[in-house]
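Those sequence lines, one after another, are chains P and C. 1 is the number of the first residue of the first sequence in our numbering; add one for each residue after it. 1001 is the number of the first residue of the second sequence in our numbering; add one for each residue after it.
Simulated from the structure, these hints should not be mistaken for laboratory data. Where a beta carbon is used, it is the ideal one built from N, C-alpha and C, also for glycine. One should not assume that every hint holds.
Unchecked claim - Partial list, computed: chain C residues near chain P (C-beta under 8 Å):
1. Glu1007
2. Leu1010
3. Gly1011
4. Thr1017
5. Ala1020
6. Lys1023
7. Ala1041
8. Asp1042
9. Glu1048
10. Arg1056
11. Ser1110
Stated by the list, open to error - Listed below are several chain C residues computed to face chain P (Cβ distance under 10 Å; list not exhaustive):
12. Gly1012
13. Glu1024
14. Leu1026
15. Gln1034
16. Leu1046
17. Lys1047
18. Val1055
19. Asn1105
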Amino acid sequence: MDRDQTLHALRERILAFATSRLSRDQAEDLTQDVLAVLHDKYSDVTELIELVPLAFQVLRYKMLDTHRKSLRRGEYNQESVEDLPLADTSNNPMTQLDQKQRVDRLLSAIAQLGERCRKLFTWKLEGKSFPEIQKIMGQSSINTIYTWDLRCRKQLIDLMGGSWE
Amino acid sequence: MSEKDLEKLLGGFAAETLTAEEKEQLYRTALHDQALFNALADEQALKELLTDPTVRRRLFEALQSHRAERASGSASWLDWLRRPAGIAWAGGLAGAILAVVLGTNLYQESLRQEAQLIAQEEARPLVPSSPVPAPTQSATPLTNKPPATSEQKSRSSPPSLREGLTDKRPSKAPPSGTSQDERRIDRFERDAAMPPAEAGAIPKQTEFSTETVITSADNAAPQSIASAPPPSQPAASPLPSQSKVDSTMPLREGASLSARSLFYRAGPQSPDQSIAPDTKRREKAASESVQPPGQSELAAQSLAMAKSKRASPLQPVGIRYSLALREQSEQTHDGAMDSAAPLALTVESNQDGVLQLWKQVGPAQPQLLFPISEAEQLRSKLVAHTLVIISVPSMPGRLILRFSRTDRIPSATFDSKLLDDFSRGQLRESVTPDDTSSFPPPIHYIVNQDPSLSEVIVHIAPRSDEQD
């Protein structure tokens, strides 16, 4: 699959995802913005395993920008634009607080995990791949490690309230 | 891995620990699978957090600290035990457990010992409550008693004692042709064979006389008495059964300690020098009296009374006797007809000694009736619990029996004052065997209460009812 085919597939998936979270117009605008970034700024990224995660990262940023714009424009509470403060492009305290709260929730959720899940999470933070974790845990099948990790992820996201946000 | 199972790689996507192959497979599938793409898009938030080195370090530290807390959790138990309260709790708990274990062991041990005692009690053979002297080999065939009946067995006396008594008295009836003296001896022995303790438990049916009882109950077992060999006796007059004799053996009223029991009881083993001085004085005075011998006939029976124990020196001196009327056809032991001696006096002492029989008519001086001849001199030396039958002529007056456990007894005179001296403090008891077919004479027991007295003197007034 070449880069154009990848971008074409990405456009469909991004539009569908954005449409599920935003309005159709905002979803199309968001998709166009993401592809524009990939085309203009990351034109040298051609490999699938690099282009797709990059597309997810750009998509997330654009989603957050869209929410901030909508909030700033009063699309959620219908406030006057004149009453809203001017936008700050740097990390504002609200963003910092949001990240801090997410980190605290994540720490609290990890503390409630079981021993195996914490070990798995620790080894993943140490950068160990699933095959390496399989060896560490002495499992003959890597699917066992996949299954354990999937259960631990679901348990963790449940402990965080059903979302990583 | 199937496309459906690619969801399992989401955890590696956020932590960026997927291999190149896993990434290729996951991303290629995500381009065609909207759900997987949406999951990867949502997972990007976590991936963004984990990409931040600060957040990653904090998470790592949190996980390491949690592991350290888990590791220190076991050490905290040791810390808790090192505290005084922890030591007290642990000590108290250990003491309680130890007490429970010891208590359980002690309880089980006591149960086991009790079970052993019960087993030993069950395994132990029945022992009679009172010792009964075993009959000697020579005495057993000489007995002439019927077996015990059910009435006899139902009494309160121990069964073994009862068996011991019945063993000494076979159920075989005496053969016909038994002489009158032998029947007297047999009846005499039947009374003797009955233990006083047993007699005390039997209701009184016949009583001849009653004497005063002073001391407490007598628990001494009677000595076994061997019977004379059963000579021939007419079958028309069989002896009463043993059960009948026992059940009708009379008692002294309210007697807990009787002359009969004292007669058979063994005294304490102490030397003779404990005799009281006044007793010696009376014996000395008695030895000074002299009485001429009178006429008498001795019909001594060598009964081979095998006694299991002899009287001790301080056993109260006692005799028992019965006076019966001789039949006209009766002969003496040597076969000579004794028409001049219609009475037969059967005497038995509980100690070895010398026996004298005196006759006193009115206020005159007593005259010696027995022993007169040299043969009677030998027979007058009684062996304890050996019967002696003395033929007594029928004449007015009274008879005086004098028995001394000392060998020296004057035979010339008899001081009448001695009769009063020795009569004081005597226990008397009379029993009448229930021999309704022949109206047996009563048997009298006379025993000195003072064991230091060496003589017993009793006067006998022949009466018409003391006839055989």
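Handout entry: Hint check, C/Ala1041 versus chain P [nearest Cβ-Cβ separation less than 8 Å]
Key = 5 Å, holds
Exercise for the section: So, C/Gly1012 near chain P? Judge it on the closest CB pair being under 10 Å. Expected result: 6 Å, holds
Exercise for the section: Would you settle whether the hint for C/Gly1011 is holds or violated, based on the nearest Cβ-Cβ distance to chain P being less than 8 Å? Expected result: 4 Å, holds
Problem - Minimum beta-carbon distance criterion (10 Å), C/Gln1034 to chain P - result: 5 Å, holds
Practice task
With a cut-off of 10 Å on the beta carbons, see whether C/Val1055 makes it to chain P.
Solution key: 5 Å, holds
Practice task
Let me know if the C-beta of C/Arg1056 comes in closer than 8 Å to any C-beta of chain P, holds or violated.
Solution key: C/Arg1056 check passes; min Cβ-Cβ to chain P is 6 Å, inside 8 Å.
Practice task
Report holds or violated for the interface hint on C/Thr1017, using the least CB-CB distance to chain P and a cut-off of 8 Å.
Solution key: 5 Å, holds
Exercise for the section: Verify the interface restraint on C/Glu1024: the C-beta must sit less than 10 Å from at least one C-beta of chain P. Expected result: Cβ of C/Glu1024 sits 5 Å from chain P, so the hint holds.
Handout entry: Restraint outcome when C/Ala1020 is required to lie within 8 Å of chain P by C-beta distance
Key = 6 Å, holds
Practice task
Under 10 Å, Cβ to Cβ, is where C/Asn1105 needs to be relative to chain P, so tell me if that hint holds or is violated.
Solution key: 44 Å, violated
Handout entry: Interface hint status, C/Lys1047 versus chain P (Cβ within 10 Å)
Key = 8 Å, holds
Handout entry: Proposed interface contact between C/Asp1042 and chain P, which counts if any beta carbon pair is under 8 Å
Key = Holds, about 7 Å.
Checked against the numbered hints listed earlier, the structure breaks hints 11 and 19; every other hint is satisfied.
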